[in-house]
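Protein sequences, first through last, are from chains A and B. Numbering of the first sequence is given in the working numbering, commencing with residue 1 and proceeding in unit increments. Numbering of the second sequence is given in the working numbering, commencing with residue 1 and proceeding in unit increments.
The hints are simulated quantities; they were obtained by calculation from the structure and are not laboratory data. Incorrect hints may appear among the rest.
Stated by the list, open to error - Covered by chain B, according to a simulated footprint, are these stretches of chain A (three or more residues, beta-carbon under 8 Å):
#1 11-23
#2 46-54
#3 61-74
#4 248-257
#5 336-348
#6 381-395
#7 401-408
Claimed, not checked - Here are the simulated EDC-like cross-link-like pairs (lysine to aspartate or glutamate), alpha carbons at most 20 Å apart as the crow flies:
#8 A/Lys51 / B/Glu151
#9 A/Lys186 / B/Asp159
#10 A/Lys225 / B/Glu151
#11 A/Lys98 / A/Asp426
#12 B/Lys164 / A/Glu346
#13 B/Lys164 / A/Asp60
#14 A/Lys386 / B/Asp61
#15 B/Lys164 / A/Glu407
#16 B/Lys118 / A/Asp481
#17 B/Lys50 / A/Asp60
#18 A/Lys386 / A/Glu343
#19 A/Lys65 / B/Asp61
#20 B/Lys50 / B/Glu151
#21 B/Lys148 / A/Asp481
#22 B/Lys163 / A/Glu346
#23 B/Lys163 / A/Glu343
#24 A/Lys193 / A/Asp447
#25 B/Lys164 / A/Asp481
#26 B/Lys163 / A/Asp426
Note that CB positions come from ideal geometry on N, CA and C, so glycine has one too.
Read off the chains here:
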Amino acid sequence: MTDQNYDAIVVGSGISGGWAAKELTESGLKVLLLERGENIEHITGYVNALKAPWEIPHRDRITNKIREERAVLTRDGFMHEANASWWCKDAESPYVEKRPFSWFRGYHVGGRSLMWGRQSYRWNPFDYEANLKEGVGVDWPIRYEDMAPWYDHAESWAGISGSLEGMAQLPDGKFLPPMELNVVEKDVAARIKAHYSDSRRLIIGRVANLTEPHNGRINCQYRNKCDLGCPFGAYFSTQSSTLPAAVKTGNLTLRPFSIVTRVVYDKDTKKATGVEVLDADTRQTYQFSSKIVFLCASTLNTAWVLMNSATDVWPDGLGSSSGELGHNVMDHHFRAGASGDVEGFEDRYVFGRRANGFYIPRFRNLFGDKRDYTRGFGYQGSADRKGWSRDIAELGIGAPMKDALCEPGHWSIGMGAFGEVLPNHDNKISLSKERKDKWGLPVLVMDCDIGPNERRMRKDMANDAAEMLEAAGVKNVQTHDDSYSLGQGIHEMGTARMGRDPKTSVVNGNNQVWDATNVFVTDGACMTSTSCVNPSLTYMAMTARAANFAVGALKKGEV
Amino acid sequence: MVASEVLLSGQSLPGKAPVAGFTDDDRALLDEIGDTIIPQTDIPGAKAVKIGAFMTLMVTDCYNDRQHAAFAEGLRRINDACSAKYGTAFMGSTPAQRTELCNALDVEQRAYGLKKAKGDPAHYFRMMKELTVLGYYSSEIGCTQAVKFVEVPGAYHGDYPYKKGDRAWF
């Protein structure tokens, strides 16, 4: 059964798994890429991508049928009718909320790389040092300098557009030309820069959408339908970028409908020998063997696989010897910010649908600023003219309302913060002893919440936004703090954190599980803290770095 | 965002109770209500996009039980209101009467929206107005005649000239 043996097995085909597959196959390894869900082919699988608005039956609103199958997803606005089938049915794959937790999953080839927000930022040097300096959690065993060349590598391949700013808190990278701020955003940016003496800056978002042709892919066509899949391959996804690169090597085997139930662990060698797979379709069980295993199943599912593995040696699973497996669940807390109306600019509009907005990098607790909480947040937002769905109270109904809605409304601007969440041992996930999913596998129990540091930060997240908008001359400024529960940011991190000591961490500085060094965790599970910037670019860089290490170690016979 | 308010406020509803389906008469009435909210001008109105069929599809497939019931009850109430005011059901009223009635109902729904308990269904006329606006502007006629839709813009210009009367983008 030679087809059961590989050099490397990669579990999960999202952003991290796609990168692992690309890097490992390009190094000459024979790789099996396992994905629990169905295959979605690049371009031909994007069934709604080229439909006109009127071809979507419920005009992209959520139906009751979708709501019944995917109730959790309706807690936020990421899912809509046209892409609902790409979000995991939580009716089939439930989980237990000991405390409220929103888990938005993509169970198919490409995972959430097909629906992600594409905002791509480097961590800064302070982010990697903060835990040590503040005595929070454990220290990262790596620093910005370790990651910088891998950020270069990830950006250069993926294609990240952005502006060079020279800001210490948001390191510049290898960028494609930036997208454009619109006329109102430019005006607000200039006023903020002046008001805060350039200590705060509004810049165009750094986004994994191509602004010029790149690596055989076509540049962004400004349709803003990214989360339906891009027929132009203009944004980074597994399908558009890493998967074709891996396929091209001839070294890749992709197996959809493959739920990895455990890593197979050999007590004698203290290494993994492969993985066990439950075929999601036929329900047959298979074993595949390999020299190394990359767990990239998405943060919580990577922890799930580990907790299900080697339980004869460690009851709480492979990697649990530290007592930290499943702990320190983090996310970015958000849904707080401000918005308002912009006067003037009635003779200005935009052309095209920019799949991006502005970004205001972190300014709190940096460069001498000191608040009653630690860490900080960044803002994402945009300005635009109101469209036909706006309410016009004074026009009532009839031709006056109709005519008014055929024209754009006034300009408005809004922004929301994404804040850092601290690691907390008490925020944990575990395997349910009672509840099973559609395949008879134990489901996760979520037991986590934000703490006082995040709650204090949220006040600034709303008030600072309002202050900046008012300083920029925006009218009718209103703050908002809609409730937030962990997971809603869809930036789950932690549960198998990286560290310097096997007693307090699950993986080492090369992403190797301390308890089985040929098992690598390179998705969000390995994160030791969260920064406040979107995490995916760091997963790309981290995965490429670990893959490079793993190939070197394999050649030297060290794993 | 008028068009999404009702739809986003729906609670989850495992096993939505079957409600008597809408009839062709209901759809015909809703076509006329919709065409009063968005009438034909130099471009077609809501009736031309089969707004009655759209509204009943949305209510049936997307609304929860209470919203559905409030909407269905609204069909009766709008006829009652029309009869009380003009001595005829909605289908028999004149265009001027329809416009006057719907403007009054729009004032009524605004007042109701300010005092209603959170979680209660919106006023039926608000539902009808929201669905008409959504269904009309996202229709082929709406996208190509009322507003403008370009499938593949190909570029972004953030400082694009605009003069009063130019159509909005979808």
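Going down the list of hints, with the structure as the test:
no.: 1; hint: 11-23; verdict: violated (count 0)
no.: 2; hint: 46-54; verdict: holds (count 4)
no.: 3; hint: 61-74; verdict: holds (count 9)
no.: 4; hint: 248-257; verdict: violated (count 0)
no.: 5; hint: 336-348; verdict: holds (count 3)
no.: 6; hint: 381-395; verdict: holds (count 7)
no.: 7; hint: 401-408; verdict: holds (count 7)
no.: 8; hint: A/Lys51 / B/Glu151; verdict: 9 Å, holds
no.: 9; hint: A/Lys186 / B/Asp159; verdict: 10 Å, holds
no.: 10; hint: A/Lys225 / B/Glu151; verdict: 10 Å, holds
no.: 11; hint: A/Lys98 / A/Asp426; verdict: 13 Å, holds
no.: 12; hint: B/Lys164 / A/Glu346; verdict: 8 Å, holds
no.: 13; hint: B/Lys164 / A/Asp60; verdict: 30 Å, violated
no.: 14; hint: A/Lys386 / B/Asp61; verdict: 28 Å, violated
no.: 15; hint: B/Lys164 / A/Glu407; verdict: 8 Å, holds
no.: 16; hint: B/Lys118 / A/Asp481; verdict: 18 Å, holds
no.: 17; hint: B/Lys50 / A/Asp60; verdict: 18 Å, holds
no.: 18; hint: A/Lys386 / A/Glu343; verdict: 13 Å, holds
no.: 19; hint: A/Lys65 / B/Asp61; verdict: 8 Å, holds
no.: 20; hint: B/Lys50 / B/Glu151; verdict: 23 Å, violated
no.: 21; hint: B/Lys148 / A/Asp481; verdict: 34 Å, violated
no.: 22; hint: B/Lys163 / A/Glu346; verdict: 8 Å, holds
no.: 23; hint: B/Lys163 / A/Glu343; verdict: 16 Å, holds
no.: 24; hint: A/Lys193 / A/Asp447; verdict: 42 Å, violated
no.: 25; hint: B/Lys164 / A/Asp481; verdict: 36 Å, violated
no.: 26; hint: B/Lys163 / A/Asp426; verdict: 58 Å, violated
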